[in-house]
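> Residue numbers (the UniProt record's numbering), protein chains in the order written: chain A, 1 to 417; chain B, 1 to 419.
Hints may contain errors.
As the list claims (entries may be wrong) - Derived lysine-lysine pairs resembling DSSO-like cross-links, with alpha carbons at most 30 Å apart:
| # | chain 1 | residue 1 | chain 2 | residue 2 |
| --- | --- | --- | --- | --- |
| 1 | B | K79 | A | K143 |
| 2 | A | K323 | B | K333 |
| 3 | A | K319 | B | K180 |
| 4 | B | K241 | B | K162 |
| 5 | B | K241 | B | K129 |
| 6 | A | K112 | B | K2 |
| 7 | B | K180 | B | K211 |
| 8 | A | K338 | B | K84 |
Unchecked claim - A short, non-exhaustive set of chain B residues, derived as facing chain A with CB atoms under 7 Å:
| # | residue |
| --- | --- |
| 9 | S24 |
| 10 | L54 |
| 11 | W151 |
| 12 | Q152 |
| 13 | E265 |
| 14 | K335 |
Source of the hints: derived by calculation from the structure; they are not laboratory data. All residues carry an ideal CB built from backbone N, CA and C; glycine is no exception.
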Amino acid sequence: MAAPIERGVDTNTPEINMSLKKTLSAVSPLTLRIVAECPVTKARACDLVLPHCTVNTPVFMPVGTQGTLKGITVDQLESLGCQICLGNTYHLGMRPGPELIEKANGLHGFMKWKNNLLTDSGGFQMVSLVELSEVTEEGVKFKSPYDGKEILLSPEKSISIQNSLGSDIMMQLDDVVSSTVTGPRVEEAMHRSIRWLDRCIAANKNPDKQNLFAIIQGGLNAELRKICLEEMTQRDVPGFAIGGLSGGEEKDDFWRMVTLSTDHLPREKPRYLMGVGYAVDLVVCVALGCDMFDCVFPTRTARFGSALVPWGSLQVKQKQYAKDFQPIDPDCQCPTCKRHSRAYLHALFKTDTAAMHHVTVHNIAYQLTLMRSVRQSIVEGRFPEFIRTFMKRMFPSSEQYPGWAVDALASVNITLD
Amino acid sequence: MKLELSRVVQGGCRLGVLKGLGRSGQHSLEVPGCLLYTRCGTVPHLTQDTLHTLTNLPSVTQLTLSTIAEHQEVLEDFKDGFRKFAGLHDTVLYCSLHDPVTPCPAGHITNKTVSVWGSGGRIELTVAKFMALQRTVRPDWYQSMADGETWQSNTSRKRVRKSVDRTLAHLDECLLVHHKTQELQGVAVFGVVEGGDILEERVRSAKETAKRPVAGFCLDGLQTGSMDQALRIQLIAAVTKELPEGKPRLLQGVGRPDEVLACVEAGVDLFESFFPFQVTERGCALCFNFDITPDPERAVLEADEERDTAGETHENGELNLDDQMTSFEINLKDKRYQDDFRPLVEGCGCYCCRNHQRAYLHHLLVTNELLAGVLLMLHNTAHYLAFFGALREALAQDTLDLLKKKVLKEKCGQTKSKE
Ligand SMILES: [Zn+2]
Ligand SMILES: [Zn+2]
């Protein structure tokens with residue numbers, strides 16, 4: 001079940017095959033092989049071949065904002081099986097700056113990460129973190145929080161920084177509006193995002209080494225989303241992200257926009273749902289046809305002592321765990337669960353930062369293991385059954401299943417009992 | 001526990017191996033050496049995975065009662081001792097009273113009690129409570145309860161005498177309970193030598209403690225900041241003269257390399273390794289040179305570096321160093337390391353130096369990232385342990401003077417090489 005992009009290549013003689021592959025890889029340094037598709041839902045398991053290694057999808061990508069993943073060494077991250085993680089262009093562009101990272105042979109060299117990196121455009125952080133930002137056709141204008149200087153983040157500038165970072169996947173600069181905003185501003189942002197996509201494509205200095213993903217916008221308006229999909233899928237980009245969601249909108253609106261997007265996205269290109277990382281959201285959105293996810297939640301919540309488990313979460317710092325000598329999750333194979341008890345972590349949280357690192361390791365392991373199990377079930381043709389088991393474990397009773405998840409799953413032929 | 005000395009150099013320095021450590025007696029520790037510093041059983045910032053990227057870790061882990069006393073009830077419920085509770089498998093546990101890094105507020109000691117400070121505040125310990133803790137912690141070796149509150153400069157002779165008397169009384173009581181406690185059979189007890197800065201009291205404390213059936217001695221109240229180096233050395237030399245040769249001496253609260261060298265010469269065998277942690281907490285990396293293998297090429301290089309860096313100390317005006325920073329470390333927050341793509345220490349085999357560069361550490365520090373503490377702790381621990389290795393080697397090779405010269409003249413802040 002190879003993706004169309006590879007079809008026709010396999011039948012050629014080796015030499016032609018080689019030269020053809022070269023031409024193809026000159027087009028984009030990304031290959032998507034569809035390994036299996038769920039016969040019931042829209043879920044799929046793919047091998048996403050990127051410059052630094054192959055990524056097995058569906059995949060969760062941990063976020064290493066400033067060129068480091070919250071107290072975890074790159075060796076630890078690699079040994080957890082992480083094939084791709086994120087860096088944030090806004091933060092890294094400010095400190096240490098693109099020139100320095102370029103000198104260090106890109107972000108890979110700077111942080112010594114061997115596998116793939118995805119960088120965002122920097123636009124989202126600018127709008128959410130920096131108060132004084134102004135969006136014009138030129139780009140996003142903001143005042144540097146470090147020296148107060150006015151800076152313009154244009155599509156060209158964003159791509160130039162991401163080219164310096166050398167990420168395997170770059171994101172276009174998009175005009176971000178909160179998903180709760182309605183009216184003409186949403187339409188303006190959608191059209192501008194399309195124009196900015198073209199400027200980003202033109203600005204990419206390394207199309208042979210770095211993939212540029214488009215970001216579908218259009219807020220919660222189905223018509224606008226469709227126009228955006230129609231326009232952007234005409235561009236020759238190696239992958240698509242579904243943007244403008246997971247910003248506080250109703251979950252009912254959220255899943256409808258996700259499924260609308262995957263309905264119109266080409267089968268042979270990867271789909272990345274931005275900012276989604278809760279376990280239930282992941283499982284449902286895989287069923288809706290998404291391949292890639294990222295979220296700061298699992299690592300952020302770990303630092304407050306919240307450990308992710310198949311039945312939700314466990315607050316290690318709560319008094320009830322002071323004398324609980326079991327591991328966080330007795331079935332978890334992570335280094336934390338293999339060695340330490342809830343009681344020890346509870347005690348250590350009062351003394352040392354290593355307690356946070358233990359829970360961070362566990363939470364990343366939880367996310368990656370969840371996605372590996374999802375993939376395995378798709379490959380083995382039992383994803384619908386996986387979903388039912390997963391939901392039963394996550395919620396005490398079916399009455400507690402979130403309505404949006406039930407509806408979303410029903411839309412892809414899964415009825416929960 | 002058995003100390004086998006292979007050499008006693010220049011009258012004071014002892015080189016040897018502390019054997020028969022641990023319940024089954026299969027562990028050993030080379031002296032002069034240091035213990036592995038922990039808080040609540042964890043080397044600060046490090047998970048077991050990252051810690052074990054380091055090789056040649058000391059076989060003895062130091063626990064401080066101050067970080068675990070508040071968990072007594074939990075440990076009692078757990079029943080299997082602290083080693084298992086903390087997921088420490090193959091290490092000897094030594095339990096000391098106070099955390100050498102956290103100063104203890106004065107004025108809470110009574111005739112019958114000492115106090116430790118944990119995350120939840122003060123915990124008052126009587127001998128009974130102290131021994132009950134030892135029974136639940138189940139270390140392989142612990143220090144006896146002691147009154148070490150003599151470090152303030154205005155401590156009176158009377159107060160010092162009292163601290164010696166109380167500490168001896170605590171020791172006798174501890175030993176009494178110890179011998180009656182089934183769970184503590186085979187566990188080693190160290191007596192604590194007090195005496196403040198008064199020579200006669202130090203000698204009295206040493207003589208009296210040595211009369212008791214202890215496995216070794218802790219030298220307390222001599223920590224950095226409590227007195228000047230000359231006085232400390234004079235007191236230690238006087239004390240070690242009174243102590244039996246075949247038992248180890250552990251000095252509490254001293255960790256700076258120059259002080260370590262002088263104290264080893266005065267007859268100290270063991271140190272706590274909290275110094276790398278202090279260096280880590282101020283965002284610094286140990287970089288002092290203790291390599292004394294003759295290498296003509298290197299000598300030329302070093303001479304060049306010295307010339308290059310002459311007079312540049314004040315070049316960076318904004319350099320606002322913590323006054324505690326020593327000359328054995330470099331401050332990686334300094335702008336000069338922003339684009340320095342060298343490892344912390346050339347040739348260092350630690351995980352940090354094998355993988356990362358000063359520029360990356362600088363970035364992690366200025367952005368307040370947690371990984372900075374992890375990587376610095378790894379390097380600083382590795383560097384400190386290697387220093388002790390070099391010290392033992394120098395004793396074995398009779399080159400201690402060379403090592404001393406090297407370490408004492410070393411000024412890290414000034415060994416910056418050409419840009
Ligand atoms: Zn785990
Ligand atoms: Zn190192």
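> Run every hint past the structure and note whether it holds.
Okay, the hints, checked on the actual structure:
Among the hinted pairs, K79 of chain B with K143 of chain A is inconsistent with the structure: their alpha-carbon atoms are about 59 Å apart, more than 30 Å. Simply put, K323 of chain A and K333 of chain B have alpha-carbon atoms about 41 Å apart, too far for the 30 Å limit, and the pair is violated. A hinted pair counts as satisfied when its Cα atoms are at most 30 Å apart, and K319 of chain A with K180 of chain B does not qualify at roughly 35 Å. For the suggested pair K241 of chain B and K162 of chain B, the alpha carbons sit about 23 Å apart, so the restraint of at most 30 Å is met.
Of the supplied pair hints, the one linking K241 of chain B and K129 of chain B is violated, its CA atoms being roughly 33 Å apart against a limit of 30 Å. The hinted pair formed by K112 of chain A and K2 of chain B fails the criterion: a straight-line CA distance of about 45 Å is larger than 30 Å. A C-alpha spacing of about 20 Å is found between K180 of chain B and K211 of chain B, which places the hinted pair at or below 30 Å, so the restraint holds. Simply put, K338 of chain A and K84 of chain B have alpha-carbon atoms about 13 Å apart, close enough for the 30 Å limit, and the pair holds.
Given the 7 Å rule on beta carbons, the hint for S24 of chain B is violated: about 22 Å separates it from the nearest Cβ of chain A. Annotation: interface hint on L54 of chain B violated; nearest CB of chain A at approximately 13 Å, more than 7 Å. Proximity of W151 of chain B to chain A is violated relative to the hint, the smallest CB-CB distance being about 24 Å (cut-off 7 Å). With its C-beta approaching chain A no nearer than about 27 Å, Q152 of chain B sits outside the 7 Å limit, and its interface hint is violated.
Nearest Cβ of chain A to the Cβ of E265 of chain B: about 34 Å, over the 7 Å cut. The hint is violated. The closest approach between the C-beta of K335 of chain B and any C-beta of chain A is roughly 11 Å, which is over the 7 Å cut-off, so the hint fails.
Hints 1, 2, 3, 5, 6, 9, 10, 11, 12, 13, 14 from the list above are not met by this structure, while the remaining hints are.
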